[in-house]
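*Asks:* Put together the whole structure using the sequences plus the hints.
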Amino acid sequence: MNILVCVKQVPDTNEVKIDEENGTLIRDGVPSIINPEDKIALEEAVSLKEEKGGRVTVISMGPPQAKSALLEAYAIGADECILLSDRAFAGSDTWATSYTLAQGIKQAGNFDIIFCGRQAIDGDTAQVGPQIAENLGIPQITYVKALEVDGKKVRAKRALEDGYSVVETTLPVLLTVIEGLNKPRYPSISRIVSAFKKEDYIKVWTTEDFEVDKTKLGLDASPTQVYDTFVPKNEKKGEIFEGSDKELVKLLLEKLKTEQVL
Amino acid sequence: MLKIFEDKCVGCRVCVTSCPFDALTMNNDIAVVDTEKCTMCGICVKDCKFDAMEIRKEQIKEKQDISDYKGIWILAEQRNNKLMDVSFELCSEGRKLADELNTTLSVVVLGSDIKEEAKELFAYKTDHVYIIENDELKDYRTETYTFVICDLINKFKPEIVLLGATHNGRDLGPRISARLNTGLTADCTKLAIDEERNILLQTRPAFGGNLMATIICPDHRPQMSTVRPGVMEKADPDYSKSGEIEEIEVEINSENIESHITDSGKIINLKSDLSEIDIFTTIKEIVKEAKASVNLEDAEIIVSGGRGVGSPENFELIKDLASVLGGEVGASRAVVDEGWVEKPHQVGQTGKTVKPRVYFACGISGAIQHKAGMEKSNLIIAINTDPDAPIFDICDYGLVGDLKKIVPLVTKAFEDLK
Chain U
1 MNILVCVKQV
11 PDTNEVKIDE
21 ENGTLIRDGV
31 PSIINPEDKI
41 ALEEAVSLKE
51 EKGGRVTVIS
61 MGPPQAKSAL
71 LEAYAIGADE
81 CILLSDRAFA
91 GSDTWATSYT
101 LAQGIKQAGN
111 FDIIFCGRQA
121 IDGDTAQVGP
131 QIAENLGIPQ
141 ITYVKALEVD
151 GKKVRAKRAL
161 EDGYSVVETT
171 LPVLLTVIEG
181 LNKPRYPSIS
191 RIVSAFKKED
201 YIKVWTTEDF
211 EVDKTKLGLD
221 ASPTQVYDTF
231 VPKNEKKGEI
241 FEGSDKELVK
251 LLLEKLKTEQ
261 VL
Chain H
1 MLKIFEDKCV
11 GCRVCVTSCP
21 FDALTMNNDI
31 AVVDTEKCTM
41 CGICVKDCKF
51 DAMEIRKEQI
61 KEKQDISDYK
71 GIWILAEQRN
81 NKLMDVSFEL
91 CSEGRKLADE
101 LNTTLSVVVL
111 GSDIKEEAKE
121 LFAYKTDHVY
131 IIENDELKDY
141 RTETYTFVIC
151 DLINKFKPEI
161 VLLGATHNGR
171 DLGPRISARL
181 NTGLTADCTK
191 LAIDEERNIL
201 LQTRPAFGGN
211 LMATIICPDH
221 RPQMSTVRPG
231 VMEKADPDYS
241 KSGEIEEIEV
251 EINSENIESH
261 ITDSGKIINL
271 KSDLSEIDIF
281 TTIKEIVKEA
291 KASVNLEDAE
301 IIVSGGRGVG
311 SPENFELIKD
321 LASVLGGEVG
331 ASRAVVDEGW
341 VEKPHQVGQT
351 GKTVKPRVYF
361 ACGISGAIQH
371 KAGMEKSNLI
381 IAINTDPDAP
391 IFDICDYGLV
401 GDLKKIVPLV
411 TKAFEDLK
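Here the protein sequences come in this chain order: U and H. Quick note on our numbering: the first sequence kicks off at 1 and runs consecutively. Quick note on our numbering: the second sequence kicks off at 1 and runs consecutively.
One should not assume that every hint holds.
To be clear about the criterion: a stretch of chain H counts as covered by chain U if any three or more of its residues have a C-beta under 8 Å from a C-beta of chain U, and this derived list gives those stretches [said to hold, decoys possible]:
| no. | segment |
| --- | --- |
| 1 | 27-41 |
| 2 | 158-172 |
| 3 | 183-190 |
| 4 | 214-224 |
| 5 | 394-401 |
| 6 | 406-414 |
Calculated lysine to any residue pairs in the SDA-like style (CA-CA distance at most 25 Å, straight line) [to be verified]:
| no. | chain 1 | residue 1 | chain 2 | residue 2 |
| --- | --- | --- | --- | --- |
| 7 | U | Lys214 | H | Asp65 |
| 8 | H | Lys412 | U | Gln260 |
| 9 | H | Lys376 | H | Leu325 |
| 10 | H | Lys37 | U | Tyr227 |
| 11 | H | Lys96 | U | Val261 |
| 12 | H | Lys412 | H | Glu300 |
| 13 | H | Lys352 | U | Asp124 |
| 14 | U | Lys67 | H | Thr25 |
| 15 | H | Lys234 | U | Glu254 |
What the hints contain is simulated information worked out from the structure, not anything from laboratory work. We treat Cβ as the ideally placed atom computed from N, Cα and C, and that holds for glycine.
*Replies:* In structure tokens:
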């Protein structure tokens, strides 16, 4: 079974703090990590390989420092890692990102299953997975929380807001996975050590190394643009009410109504 | 590329600290960008108080002719042929946007038996309701929905397409946008029109909610957004409004999909070549699950109780309010340690970190341990007898009084509202 996993290196957004005075982000000391749901994707790929045999390739698009995420992916059990890295990719929105990744994937081989995390914690768009599937012309199953692979058949539990659906399709397929599918393992120290001896476990591809239409890359080709960013105000009005119980409740309801919260 | 105007940069370092990607440094008191790291997110441009930074986008392709694209479309979502709430929320929001743009609002519904249900949409002042009924469209499936909707968009050319950011909407939206080669903004919480350029301003949380970003799609059509359910206000339905449902027929088999579009009386046939795809997924079953016992992390509303609740029996008051509001029950560590409530309900440093839209803290003093788990809640309402309780320092609204009397009154008030 030939398996591919898409991963993204992201800043750990749980560690980001806000400079309330300037209304800016403070990123000092924020570590870079493999996007958590991508780790679940990787775990599923590696355990599927262990069960059925085959090969796991990991692909990422990002700056050169994303290599450290790929080293971790290798240590978890990937056989080969590919980093698509070129200044031409900078500023890509999900449309341009998925085009670039899909082109890289075509170059990397024919895959039976492509795993992605549902969404990355720095963007939360959940768009790149389905857009890669569209670019490759293969079916997708998103929000996968349980998976069975039997020969060419795939059967997945797809989470819905109020339950789940059971979806079947045949390979090849792209799956986006969510928490609960598995428990990611820790990277193996011995694989980290062996990675340093083995130079070619990460391939870095620029636009010269795979086929891309250069008019479809990066900021310039991205249909969407950032128009404005701002830090959400967390002003606590801190209105304290005193009075009889009935008055208090009446005041509260009026407030909630004007604020349109309920 | 990010351009830094050296004559304007004063070396204040604001951009260096605010860059989430560590891409800016100072060299002789002038900001320098590491283009390997810069993702052109635009945060520095916004934060720079001296207009010393700019992101310049080059036009590299011929622009799409977008002048034909008119009108706003809502892709309504049905499950079991019942429209979801978010569809009505989108209609209400879409109406406002359509009025600002002086254009029409249309709703499209795919399903197998939805005509009656779809009539309700006219009460939300939509100009057109298009329905496409077919047994193959009964349940949402990526391929069939993408094909039919892309066909319709190519035919009708709406300038804006909105869909709910539900699991299905977030499966479908990206697929459509990739096929139509247009932009899509995920999970928007605010929409507006830029009056000068008549384009859609799509605002959404980014960076784990630490930042809000407004996104535009200036040169591609349609402009597409998925919109977070429960955020847009649903208008009061006006049943004096009615209209004629317009039906579109589609034939779907494994070979191809044909859509016959009834457009002001005319039958228009649209053919989609599906021969390339034998890629169908099959929905085997759809299962509704009883709500997970406690799901504080995803809860929109949490009603929490602390030691001030007084006894395990009184915790029923907390549960009653949570149930009326459709929320979850939370608790402080003190009462979990007492055994009044089970551990999965615990909010705080050693419990769960929550960020609901509304958090009620009842009889909770507001120890640091508890605050750590809930201070990022959107709106905090505190009820406590002690006016000096630290919880009042971080709340939006504080009621000084006895929760055992106040909470039942609040519960009753919301019951009456229903």
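*Asks:* U:Lys214 and H:Asp65 were given as a pair; does the straight-line alpha-carbon distance stay at or below 25 Å?
*Replies:* holds, 21 Å
*Asks:* Hey, H:Lys352 versus U:Asp124, does the alpha-carbon distance stay inside 25 Å?
*Replies:* Given that 25 Å is the threshold and the Cα spacing comes to 21 Å, the pair holds.
*Asks:* Against the 25 Å threshold, does the CA-CA distance of H:Lys376 and H:Leu325 hold or violate the hint?
*Replies:* Distance ~20 Å between H:Lys376 and H:Leu325 Cα, so the pair holds.
*Asks:* For the pair supplied as a hint, U:Lys67 and H:Thr25, is the alpha-carbon distance within the 25 Å limit?
*Replies:* Measuring from Cα to Cα gives roughly 22 Å; hence the hint holds.
*Asks:* Can you confirm whether the C-alpha distance between H:Lys412 and U:Gln260 stays at or below 25 Å?
*Replies:* holds, 19 Å
*Asks:* Examine the segment 27-41 of chain H: at least three residues should have C-beta closer than 8 Å to a C-beta of chain U.
*Replies:* It holds, with 7 qualifying residues against the three required.
*Asks:* Count residues of the segment 394-401 of chain H with a Cβ under 8 Å from any Cβ of chain U, then say if the count reaches three.
*Replies:* Coverage by chain U holds here, the residue count being 8 at a Cβ distance below 8 Å.
*Asks:* Within a Cα-Cα threshold of 25 Å, do H:Lys37 and U:Tyr227 meet the stated pairing?
*Replies:* holds, 21 Å
*Asks:* For the segment 406-414 of chain H, count the residues whose Cβ lies under 8 Å from any Cβ of chain U; is that count three or more?
*Replies:* holds (count 5)
*Asks:* Can the segment 158-172 of chain H be counted as covered by chain U under the rule of three residues or more with Cβ-Cβ separation shorter than 8 Å?
*Replies:* holds (count 5)
*Asks:* Confirm or reject the coverage of the segment 214-224 of chain H by chain U under the rule of 3 or more residues with a beta carbon closer than 8 Å to the chain's beta carbons.
*Replies:* Holds: 7 residues of the segment 214-224 of chain H have a Cβ under 8 Å from chain U.
*Asks:* Counting residues of the segment 183-190 of chain H that have a beta-carbon nearer than 8 Å to any beta-carbon of chain U, does the count reach 3?
*Replies:* Satisfied; 5 residues make the cut.
Hint check: no violations occur; every hint is consistent with the structure.
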